[in-house]
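There are 2 protein chains.
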Amino acid sequence: MCRICRGTAISVGKKVYGRWMQPTFVFDSPQLGENIGAAARGMRNFGLDRMRLVSPRDGWPNPKAFAAASGAGMVLANAGIFDDLETALGEFQRVYATTARRRELTKQVMTPKAAMVEARELMKRGVSVAVLFGSERAGLENKSISFASAVISVPAIPEFSSLNLAQCALLVGYEWRLSEEIAVEPVAISEVDEANVLEKAALADKYAEALKETGFFDTAQNEEGKRINLRNLFLRHDFTVSEVKTLHGIRRFLSVRRHRT
Amino acid sequence: MCRICRGTAISVGKKVYGRWMQPTFVFDSPQLGENIGAAARGMRNFGLDRMRLVSPRDGWPNPKAFAAASGAGMVLANAGIFDDLETALGEFQRVYATTARRRELTKQVMTPKAAMVEARELMKRGVSVAVLFGSERAGLENKSISFASAVISVPAIPEFSSLNLAQCALLVGYEWRLSEEIAVEPVAISEVDEANVLEKAALADKYAEALKETGFFDTAQNEEGKRINLRNLFLRHDFTVSEVKTLHGIRRFLSVRRHRT
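Chains as they are written, first to last, in the numbering used here: chain B, 1 to 261; chain U, 1 to 261.
Since the hints were derived computationally from the structure, they do not count as laboratory data. Keep in mind the model is a prediction, meaning the values are calculated, not measured. Mixed in with the good hints, there may be bad ones.
What the hints assert, rightly or not - Here are the simulated DSSO-like pairs of lysine-lysine, each with C-alpha atoms no more than 27 Å apart in a straight line:
#1 B/K245 x U/K212
#2 B/K212 x U/K245
#3 U/K64 x B/K212
#4 B/K212 x U/K143
#5 B/K206 x U/K226
#6 B/K212 x B/K143
#7 U/K64 x U/K107
#8 U/K107 x B/K206
#9 U/K143 x B/K206
#10 U/K226 x B/K245
#11 B/K245 x B/K226
#12 U/K64 x B/K64
#13 B/K245 x B/K124
#14 U/K226 x U/K245
#15 B/K245 x B/K212
Please model the entire structure based on the sequences and the hints provided.
Structure follows, in structure tokens:
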């Protein structure tokens with residue numbers, strides 16, 4: 001049993017699948033217990049039971065959530081509760097953020113179907129996947145989206161594109177389930193050691209730190225936006241662990257030398 | 001304006017579409033106003049606004065339904081209210097009944113997708129279509145299902161196959177929307193201007209140049225391999241032009257400052 005994902009390695013024939021057999025749904029600052037419960041029920045309908053909650057507004061456990069889960073209480077009982085999004089997303093290597101609004105950020109925008117087909121392929125190669133959902137009030141903040149490698153956009157009509165939180169989770173879960181049928185047999189792919197969110201966020205932060213000394217952030221007002229840009233730059237791509245190491249080396253060499261002189 | 005469906009004939013160019021441009025969702029004895037409202041919102045998300053309610057348990061209008069509809073109140077305000085299912089389904093030519101349970105009845109069982117693709121084809125030929133949803137408590141009675149030409153079964157996991165009423169409506173609405181070719185075709189990709197090989201190679205070279213001064217390439221023998229690594233690092237990923245610009249900025253800030261001190 002894995003202490004992070006509560007999953008177990010599964011042997012199918014001679015093949016051993018890793019611990020990441022399903023995506024984890026991460027809810028950032030959800031407000032209504034009813035929605036959390038309904039989301040859990042919808043997840044369970046499609047065989048998903050790994051949920052994480054970041055700062056649920058009304059505290060936790062929330063009786064309204066359990067009432068709405070109606071038979072899927074186990075999903076809630078096993079949910080991981082976190083204070084901050086970074087920790088909640090920490091060990092994931094690929095994060096999809098759901099959003100209805102058009103963004104300035106340059107990220108790949110995918111349909112729920114395309115994202116879940118891809119997620120299933122990635123998981124077969126041992127990549128850990130999370131899907132991120134914003135709060136009812138405002139959806140995902142740009143800062144939260146900066147953790148994501150890609151954005152999932154539900155093809156609702158443009159005039160009324162805001163989905164209820166639980167319904168959004170349901171659709172992604174539904175497409176996850178459907179992707180099982182179309183998913184093709186895993187092709188032999190060399191061991192992937194993709195860096196996870198924490199490793200990439202730390203990289204972005206180290207760069208920000210080094211750049212702060214150089215006047216890269218010309219004004220305080222500017223700094224916030226530029227820091228998000230840096231995050232996006234480093235988190236959007238599927239850097240391997242060794243690439244992250246190289247990027248740290250580059251920074252260290254470029255700036256350590258500065259201190260030496 | 002048709003007095004039955006409240007729809008109007010629509011001209012698109014020289015083509016006149018009939019009144020049956022979308023399926024009507026008929027809810028048989030729904031219990032909770034919250035679910036009726038959430039269903040309306042989900043319908044509206046996918047461009048559906050023709051709803052009929054048969055004997056809603058808590059009477060009508062139901063304020064809880066309007067609260068949950070959150071912007072889709074028009075769907076509720078225009079809903080047809082009926083005392084019996086037979087009248088509500090009266091003029092429809094093709095009725096799909098949604099159910100999770102296995103039935104003794106001999107009817108075609110379809111996925112939501114297959115049903116909605118078929119429904120769209122039928123409607124183009126002027127056939128009127130309804131989708132029937134049972135109550136929260138018991139789903140559809142066999143008697144109600146007997147009105148249907150086919151059954152829609154959502155591919156939930158067998159151990160937990162009962163969907164929330166509103167979520168079931170949402171999924172059918174989603175597949176209706178996807179069945180529209182224009183909705184699926186463009187996998188929306190936000191304006192991306194990916195950098196080309198030359199731009200990325202130049203980036204790698206500039207970094208190599210800056211790093212050379214720092215002792216990053218400890219030996220000449222080493223240099224060749226490390227330069228290739230840098231190329232791989234910068235060329236393997238789909239950086240955008242603006243990301244390349246940022247990466248140049250990072251390098252310049254980290255190293256120009258060095259020369260300044």
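Comparing the hints with the structure gives:
1. B/K245 x U/K212: holds, 18 Å
2. B/K212 x U/K245: holds, 18 Å
3. U/K64 x B/K212: This hinted pair is violated, its Cα atoms lying about 52 Å apart.
4. B/K212 x U/K143: violated, 71 Å
5. B/K206 x U/K226: holds, 22 Å
6. B/K212 x B/K143: Holds - the C-alpha atoms of B/K143 and B/K212 are around 19 Å apart, at most 27 Å.
7. U/K64 x U/K107: Distance ~35 Å between U/K64 and U/K107 Cα, so the pair is violated.
8. U/K107 x B/K206: Measuring from Cα to Cα gives roughly 62 Å; hence the hint is violated.
9. U/K143 x B/K206: violated, 66 Å
10. U/K226 x B/K245: holds, 13 Å
11. B/K245 x B/K226: holds, 23 Å
12. U/K64 x B/K64: holds, 16 Å
13. B/K245 x B/K124: holds, 25 Å
14. U/K226 x U/K245: Cα-Cα ~22 Å, so holds.
15. B/K245 x B/K212: holds, 21 Å
Hints 3, 4, 7, 8 and 9 from the list above are not met by this structure, while the remaining hints are.
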